[in-house]
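Undergrad: So the sequence lines, in the order shown, correspond to chains A and B.
If you read the first sequence in the numbering used here, its first letter stands for residue 1, the second for the next number, and so on.
If you read the second sequence in the numbering used here, its first letter stands for residue 1, the second for the next number, and so on.
Worth flagging that the hints you see were computed from the coordinates, not collected in a lab.
Predicted model only: the values in this text are computed from it and were never measured.
Keep in mind that a hint or two might mislead.
[As the list claims (entries may be wrong)] Covered stretches of chain B, as calculated for chain A (at least 3 residues, CB under 8 Å):
no.	stretch
1	12 to 20
2	35 to 42
3	135 to 146
In this text, a Cβ means the ideal position worked out from N, Cα and C, and glycines have one as well.
This is what each chain is made of:
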Amino acid sequence: MNRGGPGQTDLQFAEDDARHVADLLGSLGRHRPGKVELLLRPAPGDVQRALDNLVLRATEARRLGAEAQVLFYYSGHAASLAGELLVRLEPAGTVFAEMHKAEGQEVLLALPPGRYAAIYRQAGHNHRVRHCDVALADGHTEILNANSCVDVAPLAVAAKGIGYSPRERWTFHAALGASSVRNDRFIGRLTDFGFEDSLYFGVPRFSLDAMRVVGRHLALGIELASLDERVFRRQSSTTLSGQDERYWWATYELGAFLLVDYSLWRDRLVPYARAGVGLTLARTSYQEIDDNTHVVKSDDGTTDFGYALRAGAGLGVMPWRHVGFFVEANATYAPTVDNLLGDVHDSGGLGLLLGLRGAL
Amino acid sequence: MGSECEKPLVTDSGFDLWCGDTLCDWQVDEGTVAKVPTWHERDYGVELQGAQVRISQLLPATSDDVSCLHFELLADIDDPVNVVLALDFDDNGSIEQTETLANGHWIPTEYRITPPTYFHTLRISITKLGDGHAVLAQIQASSSSDCAAPPLSTLDRPLGATCESEVQCAQGQCLSRALAEELLPDTGTPSMACEACAQDSDCAAGSVCGLGWSALVLEPFAACAPAGGGMLGDRCRVGPECATGVCCGGVCSTCCLDGGPGCSAGGICAERARDANQLPWRAAWQCAPGGHGGVAGDLCLGSDDCASGSCTGEGTFSVCGLDGRLCTASTDCPSASSGNSCIPLGVAGGKCQ
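With the rest of the complex left out, here is chain A (with noise of 0.2 Å):
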């Protein structure tokens, strides 16, 4: 009998569940019986001494080179503890466990070196395994819920004074790419002024941007982008006007996005799609060069602000587990630089981004 709490009602069977959890694991389990340890209506600190004894025990087995393997049960109401388990797999290869929230019967089984088993017990059913498929790296902390296996948002745990730290909350991205060449009507506005653009490949691109998790799919980002980089010319042999005219400009952009993405083969394959919205900033430069000593006569230069709409998709390689690679296609809009005559150039276009994907 496991008395509830305040508005809780008592479970008639939860002591019971402890111990034919343990006897299973005696007779099924085939584990010795100094080697499964049942704690009945516990006193406060008793479930923690058993897990510090537990970690000693398995750190002493790994030490001598057996393969230690723990796992833990706990039945009945835990509204103190409510709801989350949290595991740790230290770098010697022991395990440090902790019922740390418990929600109702269920509880969570860590089985080093990274798979788990949720039992958990609801009325009318019979105890379930649930087996959660989730990598564990050394010195690492997870928080799961142990119904669905996922994670959670990290809790308060640094005032219980465990130091731990949750699954990867952050990516990076670096990256460098190429865009389209947008030739809207401000770029035919500067041809009919009789400038020729110098480029005649896809704009180089680079970009930053910094994640953080906030659900399981879910991460909220900044990205800070160059957009756009083009430079005209309209030379003095076509002119002959004995000067060389430069129009150059550069688009950046500093914005926010949410990203969806799902995990895939062990987080090692990360799909995801994003949108966003940004503010972007173009300097531009006009220019006159003497067509004989080529030196600078005059340097206009100006700054244009405008906004940036961002949308994309790509896919996220982790051969390891803090860094890897990640390659996305975009779409930008982000009508920035203008002229007199009221034409505004879109800095945007289609993107390709190869680069850097970090994980912390």
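Place chain B on chain A using the hints.
TA: Then chain B, alone, in the frame of chain A:
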């Protein structure tokens, strides 16, 4: 704007060079103009202010190097305003062609105009008529090659000028240009020229209808010339105008392969060697030129033509390298800077000793 193959002709076609309040390379013939920004603060255009304004520029274009004119203009012209591009070939005040620019907000406009087959200069002008806003940002004219229209007509063309009808010639007649009148014989592109004569009977006694020259035109033309006055190596149209009596390939020669007199036994009729620049374009035909075969009294151009090794005459015989007219210095040659410089050819009126 113009393609890379097109040679621009207008200086400061973008109205970017200002000397104070006026354009440096354009002439303001009437009214006032002002410097105004166009698409960018630093890219200027010219505003034609007032009801009647005219600007113009003399282009360094001639019929020798322009057979098709490609105009590209960019302007901002209010609806009631009339802006006209006018072409005055030879800058004589007679407008041969006008084009009215389209009204509108920075509308690119282009024209292809086939110029007259003869002109020695071209003035283009832009005229604004009527009150309202009119700004020009670009007026590019370039030498192109894809005109389809027949050439414009001009009058008072000098002798030797290309023509299409007699009314275009200031004097003489518009006749087919003989191969001997061309710089190089070209049977593929027949043309007509203002000629002073058509046959010997057009000339006075002692003269024949031979070749004449004009300082305005590179090509020679049919004109009365003294009979037998042409020396060996001189350009000619017909045999009787040469001292040798033989005009071969447009040059007074001593022999000719093309139906002319041959050489004595053992002699081979050949063109005289050209210099390192392959000049002159037309060379004299001689029996074994440079072969030291000439006996005393034979006509020669160089001492290497004579068995004695000595060819004497009336000094140095020089011609303009391309057109072959007689000269004493390159200043006697039109387009000398374009390769038609005066080059020594040999001994004038030379005879072997």
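Undergrad: The structure should be examined with respect to each hint, and the outcome stated for every one.
TA: Evaluation of the provided hints:
1. 12 to 20: holds (count 5)
2. 35 to 42: holds (count 6)
3. 135 to 146: holds (count 3)
Going down the numbered hints, you'll see the structure goes against none, and every one checks out.
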